[in-house]
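K.L.:
The chain contents come next:
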Amino acid sequence: MGWLDIFRGRKPVAATAGAAKERLQIVLAHERIGRTREDFLPKLQAELVAVVARYVAIDPGKVAVNLDRGGDMSTLAIEIELPGPRGLAAR
Amino acid sequence: MAQVVVITSGKGGVGKTTSSAAIATGLAQRGKKTVVIDFDVGLRNLDLIMGVERRVVFDIVNVIQGEAKLNQALIRDKRVENLAILPASQTRDKDALTKEGVQIIIEELSKEYDYVICDSPAGIEKGALLALYFADQAIVVTNPEVSSVRDSDRILGVLQSKSKRAEEKREPVKEHLLVTRYDPARVERGEMLKLEDIQEILAIPLLGVVPESESVLRASNTGTPVILDAESPAGLAYGDAVARFLGEERPHRFLEVEKKGLFKRLFGGRAA
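Listed in order, the protein sequences are those of chains S and U.
Numbering of the first sequence is given in the UniProt record's numbering, commencing with residue 1 and proceeding in unit increments.
Numbering of the second sequence is given in the UniProt record's numbering, commencing with residue 1 and proceeding in unit increments.
Quick caveat, the hints were computed from the structure, so don't treat them as lab data.
Just so you know, not all the hints are guaranteed correct.
To be verified - Within a straight-line C-alpha distance of at most 25 Å, the following computed DMTMM-like cross-link-like pairs (lysine to aspartate or glutamate) qualify:
id, chain 1, residue 1, chain 2, residue 2
1, S, K21, U, D197
2, S, K43, U, E167
3, S, K21, U, E145
4, U, K174, S, E31
5, S, K21, U, E167
6, U, K169, S, E31
Please work from the sequences and hints to get the whole structure.
P.N.:
Listed below in structure tokens is the structure:
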């Protein structure tokens with residue numbers, strides 16, 4: 001704002017562009033996850049099963065992958081049920 | 001084969017139709033055979049912006065429903081050679097557009113034209129989806145404002161998942177960013193998102209920046225695509241954008257505040 005603005009009666013304004021950028025980055029980070037969620041979860045599950053099965057005998061049906069989106073925090077929970085010693089012997 | 005180019009944004013009122021008219025006219029001025037299609041069935045406006053509203057006899061829905069031949073519905077521009085307009089219907093329901101119908105029209109136009117410009121309606125409903133479905137390239141029109149940037153991001157997601165190219169897993173639609181209504185003075189005062197910020201967030205190649213300019217309203221008042229106002233900053237910026245679209249290197253202009261003389265500083269004055 002130049003000193004001449006005083007005579008034109010302009011009031012100084014707050015710089016709000018930074019807030020705009022910050023808010024956009026947060027909201028888009030969430031929306032982009034939402035957009036690809038359906039695509040990547042089944043693939044992630046299939047790849048996890050393949051990797052774990054290389055080391056441990058598992059039942060592919062007993063793998064649960066869940067993405068929980070919250071306001072402040074999102075969690076990716078992966079639950080793989082491993083067979084006990086008796087379960088293994090039965091195979 | 002023609003290049004099919006969609007002008008889209010998600011949000012309304014950011015300048016899709018103004019940009020469609022300017023870019024189509026600019027391509028034709030450079031000798032490219034160009035046709036621009038209004039996909040906004042029920043709310044057509046491209047005819048007004050192009051100044052051909054009194055010459056509309058048939059429209060895209062008439063062609064799809066077999067009531068008129070494509071050539072009867074096309075309006076040839078009287079100012080620029082190589083330019084034609086296919087208007088939207090004003091009275092029909094937007095469901096009158098069908099994927100098969102649009103495909104036939106685009107295929108037929110592709111035989112004769114170099115560029116088929118699709119002026120998308122706002123939103124992500126049927127009309128907008130059909131406008132982008134057949135696209136080879138997309139020009140995403142964005143204002144330096146949070147809701148516009150968010151909607152542009154959304155429409156980029158739609159382009160990457162619901163276009164024909166995405167469905168057929170071909171090379172993706174080529175994306176271009178066109179920032180309109182940019183006001184360097186407000187950017188300098190920290191009141192408006194900077195160009196670099198928009199680029200960082202959307203992360204697609206920049207085609208051009210059109211400054212906020214009084215010439216855009218003047219052009220729409222008279223039905224003259226603003227690119228024909230070669231004196232105005234907006235007209236020049238669209239000219240640059242078209243040149244870049246065709247592969248020319250052009251430096252970006254109108255990104256900084258114009259230095260005013262003493263007289264203007266004392267007594268005010270606006271950009272032309």
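K.L.:
Evaluate each hint against the coordinates.
P.N.:
Results for each hint:
1. S:K21 to U:D197: holds (7 Å)
2. S:K43 to U:E167: holds (18 Å)
3. S:K21 to U:E145: Holds - the C-alpha atoms of U:E145 and S:K21 are around 9 Å apart, at most 25 Å.
4. U:K174 to S:E31: Given pair U:K174, S:E31 holds - Cα atoms ~22 Å apart, limit 25 Å.
5. S:K21 to U:E167: Distance ~32 Å between S:K21 and U:E167 Cα, so the pair is violated.
6. U:K169 to S:E31: It holds: about 23 Å lies between the C-alpha atoms, which stays within 25 Å.
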